[in-house]
Amino acid sequence: MIATRTSTWVSRIGGVLLLVLYGTPLVWLLTTSLKSNTDAFRGLQTLFVFQPTLAAYQRLLASGLGQSAVNSVLIAAGATAVTLLFAVPAAYALARVRVCVRVCDHSSPPSRSRSKRQALSTAPPSGGFSGRSSCR
Amino acid sequence: MTVTTGTRALAPARRRVIPSVSRLGPGVFLLPAAIYLAVLALYPYTELVRMSVSQVVPENLYKPWPFVGVAQFRAVIGTPDFQQALLNTFVYVAVVLVSGVCGGLATALILWQRSKFSAFVLSVIVFVWAMPPIVNGSVWRFLFDQRGLIDSLLVAVRVPPVFWLVTGKLPLLSVALVNAWVAVPFATIVYRAALLDIPPSLLEAAAVDGARPWQIVRHVVVPLLRPVMLVLGVITVVYAFRSFDFIYIMTYGGPGTVSTTLPFLAYRLAFQSYQFSLGAATAVIAVVIVLGLALVYLRQVREEHQA
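Protein chains in written order, with my numbering: chain A, 1 to 136; chain B, 1001 to 1307.
Only chain A is shown next, with the shape it has when bound in the complex (with noise of 0.2 Å):
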């Protein structure tokens, strides 16, 4: 905290411009929404000064609009429900696994008997570079 009290004004700063870069599309993103055809497409001309509109969004829900909610938030949960289902048993199984390859690890050579406990109780150590980078 001492280095921090320093560069107050580059965080300060360098805030700001992160905020004119990563704000100005989404407000421009936002803005655009409100505005009419014609005024979309006069750049500086109309980013804060134009005729609001919500025609953009009439013409959106007079489009099927619904529909593709529903298919986004069905793609959503089945994306998210196919994931847990087959991600959280192969977590826990590769958690488990991982004891074994540190045991098997060339850079610590383990107790004889809990190896091989280790060996038989799980499944066939991935040897070689995985297995190792797993364990440091």
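Some, not all, of what chain B presents toward chain A, calculated at C-beta under 8 Å: (1) L1030; (2) Y1036; (3) I1110; (4) V1121; (5) V1128; (6) W1140; (7) G1148; (8) S1152.
For each label pair, taking beta carbons as the anchor points, the in silico distance ranges come out as: (9) A/L44 - B/F1117: 24 to 30 Å; (10) B/Y1252 - A/N37: 19 to 25 Å; (11) B/L1291 - A/R42: 43 to 49 Å; (12) A/V88 - B/I1198: 28 to 34 Å; (13) B/Q1083 - A/L61: 44 to 50 Å; (14) B/L1291 - A/Y57: 44 to 50 Å; (15) B/Y1252 - A/A77: 28 to 34 Å; (16) B/R1226 - A/A77: 37 to 43 Å; (17) B/Y1043 - A/L61: 37 to 43 Å; (18) B/R1226 - A/R59: 50 to 56 Å; (19) A/Y57 - B/Q1055: 47 to 53 Å.
Hints are computed from structural coordinates only; laboratory data are not their basis. Every residue gets a Cβ at the ideal spot worked out from N, C-alpha and C, and that includes glycine.
For this one, chain A is given, so just place chain B on it according to the hints.
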């Protein structure tokens, strides 16, 4: 039935389940994911490789494919489109890698301080990262448009407009920068986690020894972040290499082939001109390159760990 009998009934069952699972090993739980990946990832890859060494045209797509060896690879590597796409891919990856890894570090350092302002800025950039690529790509296509915000801003300050998505080699750079714009928030989150992990006593010790803030960053923070940087480098390279959506939305690989990268060329060959085998060969080359790059980086990470 009361609660107590319920738990009593459960207890022996539990004792029976645990030994049987441990006899089979926790590897059993890996099986569903392994099968799922084999069917939906491994099988398509073998089909891709098979397609790249065969002669596949729309007429025989659903019939046996005649084997032609490396002829497709030889044919596609010889085309100027491929060579251009290969070069474009490396430029694209380099731009995203450098601006993502460096910009992410700068952003994480800027937002290191705990304050309401930096929390707000962080939430804005994370929001951007979470937006669908099609939204980000579309917004930037309009901002870079000749009637868009950036060029009209330049005209307003008496600078000639740039025409970002049309002029010379700029389209490739513009799309890469937008991709980096989305990669930076991710890098920031990763760096931020690592920064918060640094014990404050280290920084205080450096400050007591008379180190200036930038010296602390240069000689204490950056060395501590090296392992994170390397892993982030791998992720960013893979992410940039397979980039498709931003190119598709912003330039569609054009004008001409100026912003066509390998994955986009593969898509164009396979699904625009229906030269499935050429597209497959391009995709295989892309996969091999990205695997090679990832292996080089991972080896470095491992050496770093052992040192």
